[in-house]
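Trainee: As they're listed, the protein sequences go chains A and B. If you're matching positions, the first sequence starts at 1 in this note's numbering and goes up one per residue. If you're matching positions, the second sequence starts at 1 in this note's numbering and goes up one per residue.
By construction, these hints were calculated from the structure, which means they are not laboratory data. Watch out, some of these pointers could steer you wrong.
To be verified - Counterexamples of contact, computed for chain A against chain B with all Cβ distances above 10 Å:
hint	residue
1	Asn-31
2	Phe-35
3	Thr-53
4	Gly-83
To be verified - Computed list of lysine-lysine pairs in PhoX-like fashion (alpha-carbon distance at most 25 Å, straight line):
hint	chain 1	residue 1	chain 2	residue 2
5	A	Lys-54	B	Lys-57
6	A	Lys-101	B	Lys-57
7	A	Lys-54	A	Lys-101
All C-beta atoms in this analysis are idealised placements derived from N, C-alpha and C, irrespective of residue type, glycine included.
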Amino acid sequence: GIQVEQSPPDLILQEGANSTLRCNFSDSVNNLQWFHQNPWGQLINLFYIPSGTKQNGRLSATTVATERYSLLYISSSQTTDSGVYFCAVLNQAGTALIFGKGTTLSVSS
Amino acid sequence: KAGVTQTPRYLIKTRGQQVTLSCSPISGHRSVSWYQQTPGQGLQFLFEYFSETQRNKGNFPGRFSGRQFSNSRSEMNVSTLELGDSALYLCASSFLPDSTQYFGPGTRLTVL
């Protein structure tokens with residue numbers, strides 16, 4: 001099945017810094033999503049981005065499907081950005097999201 | 001639109017008991033999926049339902065089962081609970097199986 005790897009596993013930043021999170025996947029995909037898991041456990045949708053580039057405020061994402069990777073950019077980070085960021089791709093059958101292990105981001109003031 | 005709702009939010013059970021978790025998808029969504037999250041294994045797929053049919057099941061024992069009703073609401077059941085079943089159980093819904101999935105707040109199950 002598809003393998004999803006995220007890097008780095010942990011990231012510590014000062015408020016105001018920029019960061020790039022990476023997601024590599026082992027096969028072609030038609031569905032890729034980025035999530036932020038809040039301290040209470042809920043997964044918040046950030047982007048649905050099987051290909052191309054999207055931006056939402058201080059966050060943007062780029063997926064290069066032909067090279068099997070996606071990047072999540074966070075600019076001018078804030079303490080509220082802290083948490084775990086997950087990348088997930090849909091399996092070939094289109095029935096299950098396969099998640100990476102996540103990147104834990106800690107932003108201090 | 002209201003988001004995905006899950007009940008109960010927290011649950012404490014003892015080994016050997018059974019538990020039923022409920023998920024109400026976003027209105028109009030017909031696909032519902034369940035995931036288990038543990039510190040050791042991360043987020044793992046449990047089941048996926050579309051129009052009341054289970055289309056896929058993850059690598060979990062038969063103690064884990066589920067169903068979807070005609071109004072797209074879904075339930076999952078775990079029988080003969082084990083300590084290792086302690087986890088956050090997340091439900092997700094989407095309009096179509098391959099479209100954006102939206103997650104509920106989860107049910108945190110503790111097995112003592």
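Trainee: Does the claim that Phe-35(A) lies outside the interface with chain B hold up, using a Cβ gap greater than 10 Å?
Mentor: violated, 7 Å
Trainee: For Thr-53(A), which was marked as not at the interface, is the minimum beta-carbon distance to chain B over 10 Å?
Mentor: Label holds. Min Cβ-Cβ 17 Å, cutoff 10 Å.
Trainee: Verify the proposed pairing of Lys-54(A) with Lys-57(B), using a straight-line Cα cut of 25 Å.
Mentor: violated, 32 Å
Trainee: Verify that the Cβ of Gly-83(A) lies farther than 10 Å from every Cβ atom of chain B, and report whether the claim holds or is violated.
Mentor: Non-interface label on Gly-83(A) holds, nearest chain B Cβ at 14 Å vs cutoff 10 Å.
Trainee: Is it true that the CA of Lys-54(A) sits at most 25 Å from the CA of Lys-101(A)?
Mentor: At roughly 23 Å apart (the allowed maximum being 25 Å), Lys-101(A) and Lys-54(A) satisfy the hint.
Trainee: Can we confirm that no CB of chain B comes within 10 Å of the CB of Asn-31(A)?
Mentor: It is violated; Asn-31(A) is separated from chain B by about 5 Å at its closest Cβ, not greater than 10 Å.
Trainee: Given the hinted pair Lys-101(A) and Lys-57(B), is their Cα-Cα distance within 25 Å?
Mentor: holds, 20 Å
When held up to the earlier numbered hints, the structure conflicts with 1, 2, 5 and fits the remainder.
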